[in-house]
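*Asks:* Residues per chain, in single letters:
Protein chains: 2
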Amino acid sequence: MGKINFKPGTMLNPVPAVMVSCGNEEKHDIITVAWTGIVNSEPPMTYVSVRKERFSHGIIKENGEFTINITTEDLAFATDFCGVRSGRDVDKFKEMKLTPQPGEKVACPSIKESPVNLECKVREIHEYGSHDMFVADIVNVRVDEKLMDEKGRIRLDLAGLVAYNHGEYFALKRTPLGKFGYSVMKAKTKKRIAGERRQNARNKKNRKNKR
Amino acid sequence: MGKINFKPGTMLNPVPAVMVSCGNEEKHDIITVAWTGIVNSEPPMTYVSVRKERFSHGIIKENGEFTINITTEDLAFATDFCGVRSGRDVDKFKEMKLTPQPGEKVACPSIKESPVNLECKVREIHEYGSHDMFVADIVNVRVDEKLMDEKGRIRLDLAGLVAYNHGEYFALKRTPLGKFGYSVMKAKTKKRIAGERRQNARNKKNRKNKR
Chain A
246 MGKINFKPGT MLNPVPAVMV SCGNEEKHDI ITVAWTGIVN SEPPMTYVSV
296 RKERFSHGII KENGEFTINI TTEDLAFATD FCGVRSGRDV DKFKEMKLTP
346 QPGEKVACPS IKESPVNLEC KVREIHEYGS HDMFVADIVN VRVDEKLMDE
396 KGRIRLDLAG LVAYNHGEYF ALKRTPLGKF GYSVMKAKTK KRIAGERRQN
446 ARNKKNRKNK R
Chain B
246 MGKINFKPGT MLNPVPAVMV SCGNEEKHDI ITVAWTGIVN SEPPMTYVSV
296 RKERFSHGII KENGEFTINI TTEDLAFATD FCGVRSGRDV DKFKEMKLTP
346 QPGEKVACPS IKESPVNLEC KVREIHEYGS HDMFVADIVN VRVDEKLMDE
396 KGRIRLDLAG LVAYNHGEYF ALKRTPLGKF GYSVMKAKTK KRIAGERRQN
446 ARNKKNRKNK R
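First to last, the protein sequences are chains A and B. For what it's worth, the numbering used here labels the leading residue of the first sequence as 246, then goes sequentially. For what it's worth, the numbering used here labels the leading residue of the second sequence as 246, then goes sequentially.
Worth double-checking, as some hints may not be accurate.
For identical chains, the list gives no copy identity; a pair is met inside one copy or between any two copies.
[Claimed, not checked] In the DMTMM-like style, the derived pairs of lysine to aspartate or glutamate whose C-alpha atoms are separated by at most 25 Å in a straight line are:
no.	residue 1	residue 2
1	431	336
2	431	377
3	248	389
4	272	334
5	431	369
6	339	319
7	357	372
8	418	319
9	272	369
10	418	318
11	306	318
12	297	382
13	366	377
14	297	349
15	431	390
16	418	349
These are computed hints drawn from the structure, not numbers from a lab. Note that the structure is a prediction, hence the values are computed from the model and not measured.
Extracted from the complex, chain A is given alone in its bound form (with noise of 0.2 Å):
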């Protein structure tokens, strides 16, 4: 069996599934976005691709600013209902009862279920045809409590995050394949990750134990 040639299309996978909320306290909207990803490392900076036509492409090219909000599997049809409805005829947080959180730095409400808020101000806008890319700067990162583990570290292993899959949405597995660079990792780097991971579900179950 070998490889069979299709025309050009948007076939990589998979791609983030992320609510952006966008605009103020009178005007705002969520839109559901998986043409999303990193662009910089340093400084931060992101983008998000939205169809002119949509009722977000507006606010975000009037206001400069918009806020990505990752999903998890509890926010899933939540994040589909905003890809699909638009907000000129629905108020998507209260049709999903999601609680607009007032941002830090920016003036577009971050979405309150959401465990990793990111705030960006949109540094270029280039247009490609279908969409328009909105470039930005991320400017502040909001993480939820409860994903910070007893040595302060962001477990976001354990928030049941989502990725869009050639149109379905996908839990990730709960056990990773590996860590950066544990190909070239030595035998004993190994033994004391896993001993840690070990620990760390003792330490998971006995906090479980103790509600």
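Given chain A, put chain B in place with the hints provided.
*Replies:* Relative to the frame of chain A, chain B by itself:
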């Protein structure tokens, strides 16, 4: 419990983890990239952000082409290796026993073991600081025949795809949380889809038994 503010960082998760192949028959390389995504649907466009000092950076800039190779659980080790080691020191195709496949519309080799290859031609380079962003047109898509089902659909849900989450590689769970639009779907449509899913599972089982 509330939320904690952190200094700006690249906290968007999960993101893709792809192997990007570049170059030609004489000089080629593979670099693993998490800073990638789709930026436009019509025409299909993507990007990869690569640090200026990486070996692949020069090759992509020189040739104006690259190929995105989607990664799987089986390719996780090679994916990590190609992100850590430099093509200046090691031939990553040889070292990881990956098979170069001639490109269809670009000179750079694809990775045969990857289930989906996206051949790309660079349109713009944006310099943002640590990384250069290569914005590109997707000019050809190649998919492994094994992923095509009886109805001619591409079954990426069966490919064992991998995402990158806060420094670790994770596989996706097998069963999706829902299809795009499921939050507004009629009960009848949902029932039909569930039936099809059961039938597909039975077909898969039968195929396995026949082997």
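*Asks:* With reference to the structure, classify each hint as holding or not holding.
*Replies:* Quick rundown of the hints versus the structure:
For a Cα distance limit of 25 Å, the shortest separation of residue 431 from residue 336 across copies, 21 Å, qualifies, whereas the shortest one inside one copy, 53 Å, does not. For the identical chains of this complex, residue 431 and residue 377 are neighbours neither inside a copy (45 Å) nor across copies (32 Å), given an alpha-carbon limit of 25 Å. For a Cα distance limit of 25 Å, the shortest separation of residue 248 from residue 389 across copies, 4 Å, qualifies, whereas the shortest one inside one copy, 44 Å, does not. Taking the closest pair of Cα atoms, residue 272 and residue 334 come within 25 Å of each other only inside a single copy of the chain (13 Å); across copies the shortest separation is 55 Å, beyond that limit.
For the homomeric pair residue 431 and residue 369, neither the shortest alpha-carbon distance inside one copy (43 Å) nor that between copies (40 Å) is at most 25 Å. In this homomeric assembly, residue 339 and residue 319 come within 25 Å of each other (Cα to Cα) only inside a single copy, at 17 Å, whereas the closest approach across copies is 43 Å. Proximity of residue 357 to residue 372 under the C-alpha cut-off of 25 Å is found in neither arrangement, the shortest distances being 31 Å within a copy and 34 Å between copies. Taking the closest pair of Cα atoms, residue 418 and residue 319 come within 25 Å of each other both inside a single copy (15 Å) and across two copies (15 Å).
For a Cα distance limit of 25 Å, the shortest separation of residue 272 from residue 369 inside one copy, 23 Å, qualifies, whereas the shortest one across copies, 35 Å, does not. For the identical chains of this complex, residue 418 and residue 318 are neighbours both inside a copy (12 Å) and across copies (11 Å), given an alpha-carbon limit of 25 Å. Taking the shortest Cα distances, residue 306 and residue 318 never come within 25 Å of each other, neither inside one copy (30 Å) nor across copies (40 Å). Proximity of residue 297 and residue 382 under a CA criterion of 25 Å is satisfied in both settings, with 21 Å inside one chain copy and 20 Å between copies.
Taking CA atoms no more than 25 Å apart as the test, residue 366 paired with residue 377 passes in both settings, with 15 Å inside one copy and 19 Å between copies. Taking CA atoms no more than 25 Å apart as the test, residue 297 paired with residue 349 passes in neither setting, with 27 Å inside one copy and 33 Å between copies. Within a single copy, residue 431 and residue 390 get their C-alpha atoms no closer than 33 Å, and across copies no closer than 38 Å, so neither meets the 25 Å cut-off. In this homomeric assembly, residue 418 and residue 349 never come within 25 Å of each other (Cα to Cα): the closest approach is 32 Å inside a single copy and 34 Å across copies.
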